[in-house]
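Work out the full structure: start from the sequences and follow the hints.
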Amino acid sequence: MKKIALATTLAALFIFSGCSKQPNLENAQNVEATSVQTENTVSETSNEGITTSNESVSTENANVEEQTIAPATITVSKTQNNQQFAKKLASIVIYFDFDKYNIREDQWPKVEKLAELIKSNPSNYTVRIEGNCDEWGTEEYNYALGLKRANSVKNALIKLGVDPKKLTVISYGELNPVCTAHAKWCWRLNRRDNFTYLP
Amino acid sequence: MKKILFLFLAVFLYAKEYVITKYLTNRPSISVEYNGPKEVKKILDMDFKVLDHFNLDSNSSIKFLFSYSKKDKTLEVKYLKNDNLILIKKYKSYSYAYFPFLVHRAVYDINEYMNMPSAKFLIRKVIYSLLVAPKQANIYLADYTLSYKKRIITGGLNIFPKWANENQTEIYFTKYERLPVLYKYNLLTGKLTKILTSQGMLIVSDVKKDKLLLTLALKSQPDVYLLDLKTKKLLRITNYPGIDVNGKFWGKKVVFVSDRYGLPFVFSKDLSTGKVTRVLYHGKNQVGVDSYKNYLVISSRETDNSFKPNTFNLFLVNSNDDSLKRLTMRGQNMFPNFSVDGSSIMFIKRENFFSKIGIIRLEENKVFYYKLNKILQSFDW
Chain A
-11 MKKIALATTL AALFIFSGCS KQPNLENAQN VEATSVQTEN TVSETSNEGI TTSNESVSTE
49 NANVEEQTIA PATITVSKTQ NNQQFAKKLA SIVIYFDFDK YNIREDQWPK VEKLAELIKS
109 NPSNYTVRIE GNCDEWGTEE YNYALGLKRA NSVKNALIKL GVDPKKLTVI SYGELNPVCT
169 AHAKWCWRLN RRDNFTYLP
Chain B
47 MKKILFLFLA VFLYAKEYVI TKYLTNRPSI SVEYNGPKEV KKILDMDFKV LDHFNLDSNS
107 SIKFLFSYSK KDKTLEVKYL KNDNLILIKK YKSYSYAYFP FLVHRAVYDI NEYMNMPSAK
167 FLIRKVIYSL LVAPKQANIY LADYTLSYKK RIITGGLNIF PKWANENQTE IYFTKYERLP
227 VLYKYNLLTG KLTKILTSQG MLIVSDVKKD KLLLTLALKS QPDVYLLDLK TKKLLRITNY
287 PGIDVNGKFW GKKVVFVSDR YGLPFVFSKD LSTGKVTRVL YHGKNQVGVD SYKNYLVISS
347 RETDNSFKPN TFNLFLVNSN DDSLKRLTMR GQNMFPNFSV DGSSIMFIKR ENFFSKIGII
407 RLEENKVFYY KLNKILQSFD W
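For the record, the sequence lines run as chains A and B.
Residue numbering for the first sequence follows the working numbering, beginning at -11 and increasing consecutively.
Residue numbering for the second sequence follows the working numbering, beginning at 47 and increasing consecutively.
It is possible that part of the hints are untrue.
[As the list claims (entries may be wrong)] If you anchor each label on the Cβ, the simulated ranges turn out as follows:
1. Pro187/A to Leu238/B: 18 to 28 Å
2. Lys166/B to Ile146/A: 48 to 58 Å
3. Gln72/A to Gly320/B: 45 to 55 Å
4. Ser75/B to Ser44/A: 28 to 38 Å
5. Lys278/B to Arg92/A: 37 to 47 Å
6. Val81/A to Thr319/B: 38 to 48 Å
7. Arg92/A to Thr243/B: 24 to 34 Å
8. Gly149/A to Thr243/B: 25 to 35 Å
9. Glu223/B to Thr168/A: 17 to 27 Å
10. Val81/A to Asp118/B: 54 to 64 Å
11. Ile80/A to Gly202/B: 20 to 30 Å
12. Val227/B to Asp151/A: 17 to 27 Å
[To be verified] With a straight-line cut-off of 25 Å between C-alpha atoms, the simulated PhoX-like cross-links for lysine-lysine are:
13. Lys276/B to Lys339/B
14. Lys321/B to Lys254/B
15. Lys330/B to Lys172/A
16. Lys107/A to Lys265/B
17. Lys265/B to Lys153/A
18. Lys181/B to Lys172/A
19. Lys240/B to Lys254/B
20. Lys181/B to Lys75/A
21. Lys147/A to Lys265/B
22. Lys172/A to Lys420/B
23. Lys181/B to Lys154/A
24. Lys124/B to Lys84/B
25. Lys116/B to Lys88/B
26. Lys420/B to Lys181/B
27. Lys88/A to Lys265/B
28. Lys279/B to Lys237/B
29. Lys153/A to Lys101/A
30. Lys330/B to Lys88/A
31. Lys88/B to Lys109/B
32. Lys88/A to Lys181/B
33. Lys166/B to Lys119/B
34. Lys153/A to Lys76/A
35. Lys265/B to Lys154/A
36. Lys116/B to Lys87/B
37. Lys265/B to Lys321/B
38. Lys412/B to Lys166/B
39. Lys84/B to Lys109/B
40. Lys412/B to Lys402/B
Worth flagging that the hints you see were computed from the coordinates, not collected in a lab.
All C-beta atoms, glycine included, are put in the ideal place defined by N, C-alpha and C.
Right under this line is the structure:
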């Protein structure tokens, strides 16, 4: 009896596996165990993803694609005059205390210098104030903290007479570090506002 | 409400642990045999370990014979009872790299076959963003062990990916262009749809069918908004002039993180009455929260060091009986994320220079960790 059952099993296996049309992964469920069956389950096709998609596997959780984080690059305009202005803007960096977004007393001279610099250039452009955070906390709160840091300087600049239309804010959270060491001095450098010229 | 929470906290502090989950007492014995490449075996072993539903006993009358053929990229599982063949299942993929998903599906099917509690976390795909250089973050698709990896979105900053639908074919994510832009992306067709743009910040915090909870800064001020994709209506949920972020649907309420008390804590807002209440009176701050039905998991900082590693622990809050349970005891446990069936919580544990992925199995009352060689920007599963 067992032999007959096994023979039936193998025959069924042969027929089923031969006829299967590669259904989706989702089709793998609801298989009744009443008789011997085979089932071909096919993964999603490789068109899952954008044209640059790249598939890999590593059971060690090894990260082969991660790169060493290089110092931040600063966007500058193409024309030379503006390039100089952009460089001056980029040279100003305002730092913040841990978990704070108010402007420190020692940072105020830089804010004033920044206000004068923007006011001295009446041409049509936007300054993007970029709030940044250290690596402590990569959740949404950190991005909001970066945004509040950008807003603090924006509001200060408006009070110092800068046209609000010239200012826009963005938060990079912890995504734009200038320093990647796990050290106190390094985290301090990342809690900052940068200023980018947008033509 | 406050008093009740205090009371439960007190109970918890003195009793050390207030257990509200059920233990799985009678775990069936099964025998698992495997033939094939070692790395496939590694995933198989991990699945049964994390699943924690079976006693693996080589003498058991219920046998599952796994074999993987690298050449055919096929995993075959034979179901045997008293050495009689009951069922054969075959799982095939187009690429070898996809084998972790085949193993997860096979183990998931065995779990279903044995009528054990659902373990959907095994077959859920994980989507995550990873910083590869300053201002450059890619989005990847992975299995729950993060062994499989596929780059999905590249070029510039692509952050905060969230699954857009139940069957995990579409995602939402934020791309930093001149302004942050919210996109919907179909993984099967490659179709990219622009949803919204905002200055400052724009993040999808939670998805419930056609409704999205967003953190937006339309006027430079981060607040929680509700976007109805059907009616295209955008409703502002919070309006405190400080930080309000990370909105999550929680029954008829929305929970969010706010610094309205000076430091970030989790609050809830009743959408019908508009009443705002603090949820958990514990810890120095709370920046991570996720919800599932009546449950909340909150990451709470319990120490107060500016620069030394702080202790962040996870707490489970049940709104039905106002109970509270500590889920982790030490270390930095952050980014809690419920599985789709609410049975598990995935989170990141940071240990100085390293990170681990933790999976809390709530019913089984266990936590499993595995190595993570990178710091994820954010993830969803």
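We went through each hint and held it up to the structure:
no., hint, in the structure
1, Pro187/A to Leu238/B: 18 to 28 Å, "26 Å, holds"
2, Lys166/B to Ile146/A: 48 to 58 Å, "51 Å, holds"
3, Gln72/A to Gly320/B: 45 to 55 Å, "52 Å, holds"
4, Ser75/B to Ser44/A: 28 to 38 Å, "36 Å, holds"
5, Lys278/B to Arg92/A: 37 to 47 Å, "42 Å, holds"
6, Val81/A to Thr319/B: 38 to 48 Å, "46 Å, holds"
7, Arg92/A to Thr243/B: 24 to 34 Å, "32 Å, holds"
8, Gly149/A to Thr243/B: 25 to 35 Å, "29 Å, holds"
9, Glu223/B to Thr168/A: 17 to 27 Å, "25 Å, holds"
10, Val81/A to Asp118/B: 54 to 64 Å, "58 Å, holds"
11, Ile80/A to Gly202/B: 20 to 30 Å, "24 Å, holds"
12, Val227/B to Asp151/A: 17 to 27 Å, "26 Å, holds"
13, Lys276/B to Lys339/B, "23 Å, holds"
14, Lys321/B to Lys254/B, "22 Å, holds"
15, Lys330/B to Lys172/A, "21 Å, holds"
16, Lys107/A to Lys265/B, "23 Å, holds"
17, Lys265/B to Lys153/A, "13 Å, holds"
18, Lys181/B to Lys172/A, "22 Å, holds"
19, Lys240/B to Lys254/B, "19 Å, holds"
20, Lys181/B to Lys75/A, "19 Å, holds"
21, Lys147/A to Lys265/B, "17 Å, holds"
22, Lys172/A to Lys420/B, "20 Å, holds"
23, Lys181/B to Lys154/A, "23 Å, holds"
24, Lys124/B to Lys84/B, "19 Å, holds"
25, Lys116/B to Lys88/B, "15 Å, holds"
26, Lys420/B to Lys181/B, "16 Å, holds"
27, Lys88/A to Lys265/B, "20 Å, holds"
28, Lys279/B to Lys237/B, "23 Å, holds"
29, Lys153/A to Lys101/A, "19 Å, holds"
30, Lys330/B to Lys88/A, "15 Å, holds"
31, Lys88/B to Lys109/B, "19 Å, holds"
32, Lys88/A to Lys181/B, "23 Å, holds"
33, Lys166/B to Lys119/B, "23 Å, holds"
34, Lys153/A to Lys76/A, "20 Å, holds"
35, Lys265/B to Lys154/A, "15 Å, holds"
36, Lys116/B to Lys87/B, "12 Å, holds"
37, Lys265/B to Lys321/B, "24 Å, holds"
38, Lys412/B to Lys166/B, "17 Å, holds"
39, Lys84/B to Lys109/B, "20 Å, holds"
40, Lys412/B to Lys402/B, "15 Å, holds"
Every hint from the earlier list agrees with this structure, and none is contradicted.
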